[in-house]
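Student: Got chain A sorted already, so can you dock chain B onto it with the hints?
If you read the protein sequences in the order shown, they are chains A and B. Just so you know, we're using my numbering here: the first sequence kicks off at 71 and counts up by one. Just so you know, we're using my numbering here: the second sequence kicks off at 19 and counts up by one.
Take every hint as true, because none was put in to throw you off.
Here are the simulated SDA-like cross-link-like pairs (lysine to any residue), alpha carbons at most 25 Å apart as the crow flies: (1) B/Lys135 <-> B/Ala75; (2) B/Lys135 <-> B/Arg71; (3) B/Lys135 <-> A/Val149; (4) B/Lys135 <-> A/Arg145; (5) B/Lys135 <-> B/Tyr63; (6) B/Lys135 <-> B/Pro61; (7) B/Lys135 <-> B/Pro60; (8) B/Lys135 <-> B/Tyr65; (9) B/Lys135 <-> B/Glu59; (10) B/Lys135 <-> A/Leu142; (11) B/Lys135 <-> A/Arg146; (12) B/Lys135 <-> A/Pro140; (13) B/Lys135 <-> A/Asn139; (14) B/Lys135 <-> A/Ala78; (15) B/Lys135 <-> B/Thr72; (16) B/Lys135 <-> B/Arg64; (17) B/Lys135 <-> B/Ala68; (18) B/Lys135 <-> A/Ser147.
Worth flagging that the hints you see were computed from the coordinates, not collected in a lab. What you are looking at is a predicted structure, and each value in this text was computed from that prediction instead of being measured.
These are the residues of each chain, in order.
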Amino acid sequence: MIDASASAVRTRLAWRRTALTGTAAGLLALRPAFADPGPLELLAASGAMIGFAALVGLAYRRGRALRRNPPLPGRRSVVACALVAAALALIGGLVVTL
Amino acid sequence: MCAIASIHPEGVLFTCEVDNRHVIQRARQWFDPERTEVVGEPPDYRYSLANERTFLAWIRTGLALIAGGLACAQFLPPLPIAHLREGIAILLLVLGGLVALRAVDHWARTERAMRLKEDLPRSRFPAILAIVVALGAVLLTITVLIRVVR
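Extracted from the complex, chain A is given alone in its bound form (with noise of 0.2 Å):
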């Protein structure tokens, strides 16, 4: 089998730029906790970071794990990695009817 860690790289590196998008959106839902600080307000921006901070972990994690050689297929990551965006579309439905 040649090459046969790139399709592991290949997979972490997309992990890692979906943490980024995730920190994105992240962001977008803190600024209203600067802008106009509400108990609604606070909420909705620990809850986005809580999200950031899970899919970065998650990213960090099945990244460690994809150095196994053969790599096992993602299970819980990727059900959590679901949960966690749709999560955060939550949040920014909290911050958008505030």
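Tutor: Below, chain B alone, put in the same frame as chain A:
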């Protein structure tokens, strides 16, 4: 989900070949695809990782929609039509959440199909998403034109 992703290459509807399992079973498959797929055998790990990257690309699409919705609500000036700005923001956020949940479902079904050496699941979702996004763009263009004419 039964209606989506059930068109066979020959054009025959196999509505209940893969998709008639219980919701609970499918949710279990999300959390532990390997435990539920006792029938199949694991595919080449590169296929699984490719499936995972496709899933991640969808998640990024969803996150970008969410970020777009947040930016829309916070940085757009009030539009000529009342509450259109908030409506577009909510639509983008709902789309983002849908994309994320659909992504994990599609990932799980693809993983299952690969283990069982079946055809990969097909989906109308990308086309629907494209149409909705295009309609949103048309709507915004019309609003901008209204503002220009006034």
